[in-house]
Amino acid sequence: MSTMPSTIAPDLSARRVPALGGFNLTALKLEIRRLTRNRRTVIISIVVPVVFFLLFGLNKAYDNQTAGNGNVSAFVMISLALYGAVLSTTFCGAMVSIERAQGWSRQLRLTPLSPVAYIVIKIMTALVLGFCSVCAVYIAGIITHKPSMSVGLWIGTGFSVWVGSLKFKAFGLFIGYLLPAENVMQLIGLILALLSFAGGLFIPVSQYPHLVQEIAKWTPLYGLNQLVHTPLLGNGVDWTWVVNVLAWLIIFAGGAVWRMRKDTARV
Amino acid sequence: MTITSAASGARGAGGAVPLAVNLTALHKNFGRVHAVNGVDLQIASGEIVAILGPNGAGKTSTIDIVLGLSQPSSGTVSVYGMQPRHAISRGLISAVMQTGGLLKDLTVRETVEYTASLFAHSQPVREVLSSAGITEIADRRVGKCSGGEQQRLRFALALLCDPELLVLDEPTSGMDVEGRRSFWSAIRKDAEQGRTVLFATHYLEEADAYADRIVLLRHGRIVADGTATQIKSMTAGRTVRATLRGASEAMLTTIPGADTVEVRGETVLVHSNDSDAVARYLLTQTVAKDLEITARGIEDAFLALTGDDTVASTGAI
Numbered sequence: 001m002s003t004m005p006s007t008i009a010p011d012l013s014a015r016r017v018p019a020l021g022g023f024n025l026t027a028l029k030l031e032i033r034r035l036t037r038n039r040r041t042v043i044i045s046i047v048v049p050v051v052f053f054l055l056f057g058l059n060k061a062y063d064n065q066t067a068g069n070g071n072v073s074a075f076v077m078i079s080l081a082l083y084g085a086v087l088s089t090t091f092c093g094a095m096v097s098i099e100r101a102q103g104w105s106r107q108l109r110l111t112p113l114s115p116v117a118y119i120v121i122k123i124m125t126a127l128v129l130g131f132c133s134v135c136a137v138y139i140a141g142i143i144t145h146k147p148s149m150s151v152g153l154w155i156g157t158g159f160s161v162w163v164g165s166l167k168f169k170a171f172g173l174f175i176g177y178l179l180p181a182e183n184v185m186q187l188i189g190l191i192l193a194l195l196s197f198a199g200g201l202f203i204p205v206s207q208y209p210h211l212v213q214e215i216a217k218w219t220p221l222y223g224l225n226q227l228v229h230t231p232l233l234g235n236g237v238d239w240t241w242v243v244n245v246l247a248w249l250i251i252f253a254g255g256a257v258w259r260m261r262k263d264t265a266r267v
Numbered sequence: 268m269t270i271t272s273a274a275s276g277a278r279g280a281g282g283a284v285p286l287a288v289n290l291t292a293l294h295k296n297f298g299r300v301h302a303v304n305g306v307d308l309q310i311a312s313g314e315i316v317a318i319l320g321p322n323g324a325g326k327t328s329t330i331d332i333v334l335g336l337s338q339p340s341s342g343t344v345s346v347y348g349m350q351p352r353h354a355i356s357r358g359l360i361s362a363v364m365q366t367g368g369l370l371k372d373l374t375v376r377e378t379v380e381y382t383a384s385l386f387a388h389s390q391p392v393r394e395v396l397s398s399a400g401i402t403e404i405a406d407r408r409v410g411k412c413s414g415g416e417q418q419r420l421r422f423a424l425a426l427l428c429d430p431e432l433l434v435l436d437e438p439t440s441g442m443d444v445e446g447r448r449s450f451w452s453a454i455r456k457d458a459e460q461g462r463t464v465l466f467a468t469h470y471l472e473e474a475d476a477y478a479d480r481i482v483l484l485r486h487g488r489i490v491a492d493g494t495a496t497q498i499k500s501m502t503a504g505r506t507v508r509a510t511l512r513g514a515s516e517a518m519l520t521t522i523p524g525a526d527t528v529e530v531r532g533e534t535v536l537v538h539s540n541d542s543d544a545v546a547r548y549l550l551t552q553t554v555a556k557d558l559e560i561t562a563r564g565i566e567d568a569f570l571a572l573t574g575d576d577t578v579a580s581t582g583a584i
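Chains as they are written, first to last, in my numbering: chain C, 1 to 267; chain D, 268 to 584.
Some hints could be false.
Unchecked claim - Computed footprint of chain C on chain D, listed as stretches where at least three residues anywhere in the stretch have a Cβ under 8 Å from a Cβ of chain C:
1. 334-347
2. 366-373
3. 481-493
Keep in mind that the hints were calculated from the coordinates and are not lab data. No experiment lies behind these values; they were computed from the predicted model shown. Yeah, the Cβ is synthetic: ideal placement off N, Cα and C, and Gly gets one too.
Start from the sequences and build out the full structure, keeping to the hints where you can.
In structure tokens:
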């Protein structure tokens, strides 16, 4: 034996469990720094929505066309902010599965970090990127002076886009587990572009042929898109939109949990 | 019967300090596969213990249970008298895994900072970087580090919380001889300060050179447990081979001097340090014939003890 018993008696009483399950600002800061390192993610989720807004939201006719309590330009701005925010949260969700594939989640299980604290860090990271997406589009709106609505509506719609997009965190998790590849990010970009068309983020659903309209109402972005525009349009909430949001949230979260369980069983 | 090293026995009897690791009647099943099949293992604080066995012997399954990464199918596990998860929350155990477990897009320093931030108490980042010899590459992205550098980073992460128990699962697989040697000298140096170390390996020489105590695992069972010297003396005996119809292992283990026994159809193999006594018994007390006595080297003995080709054996030293 290499050591004497007297010198090795460990002092267990000095060992403490970290507060808040290990949640701390250093970890949050590093998670956000990781996001900014992924240039493709930043460009797709922050720059692209702004470019789309500049291309499609500034049509001269939109300034004067009213849309509920504002103009069409404001309507387009909200749609594209939602597009950016949803990209952000989906990317952040998918990153978790990549971390699992790299074994980082397993490494974290060897630290005091509690699963709840981990999820909180991840949700906050997604909220930060989503916030940047919404702000980028809204700032483009402010600078170009085209969108018009009351200050309360700017804040209200921005906030509901920001929080509502969190639903796609679960979607990102699910997709990340289904396609645990490095190029899952490009696929997500493609899938979300299709869902955005179907959900009416790029072209209002009312302009589609009747059959396409009926199909579009079942797609995951439709309900959320309708809801975030409600304050602007002031046309009241249709209960089917709420059902759409909740049903897809259950499907995504259920799918993510199902894949996560399978993945854990393999570990 | 297993041999418990003298020191652990003495400390275990003291009772004041809880055992670093205490596994009783541990089982882990994956479907119909019994990865761990009744393991009892007590490790006292300060010991350096190797779990030695071939691939598939249940080493990683056992270690995952000690680390709380998987739950036993039955049996109990405690680390310093508490559940593994609680011991991890307090920074009492940490581990160096074989591969993976690192984020490629963080730098070496950021990885250490991130991990350090999760513990209630941790060693200063700068000290840990320097003692792991990775200060020069602290600003390099993990994805750009070589396998050896990544392993040193994993070692640094494991030491951050100044654990009482350090667990290493085949830590040197994929390393060259020089890397292996420097890694073990770092571990050895570290353990001199009283840290308990539990490592899994399939290299006999690694267990021999660095462990105070070797636990031999085969088919999820402990087949031997003792100091390197004890294991060596155990594996230094001879094998008596004979043809004996209707022999059972239970009967063969009663032969004076028999260590391990094996039945392959009508052929029986009895391993012993006193092969003369076994041969005498077989020839005088049974109808055994075609007797053959062979000596075996340490490697052969190790393979025989842990190999998969044998039908069954009952462990006894």
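Annotated coverage of the segment 481-493 of chain D by chain C, confirmed only when three residues or more have a Cβ within 8 Å: Violated - the segment 481-493 of chain D has 0 residues with a Cβ nearer than 8 Å to chain C, which falls short of three.
Are 3 or more residues of the segment 334-347 of chain D near chain C, judged by a Cβ distance of less than 8 Å? Since three or more residues must qualify, the claim that chain C covers the segment 334-347 of chain D holds, with 5 doing so at under 8 Å.
Are there three or more residues in the segment 366-373 of chain D whose C-beta lies closer than 8 Å to some C-beta of chain C? Check passed, 8 qualifying residues.
Of the numbered hints listed earlier, the single one contradicted by the structure is hint 3.
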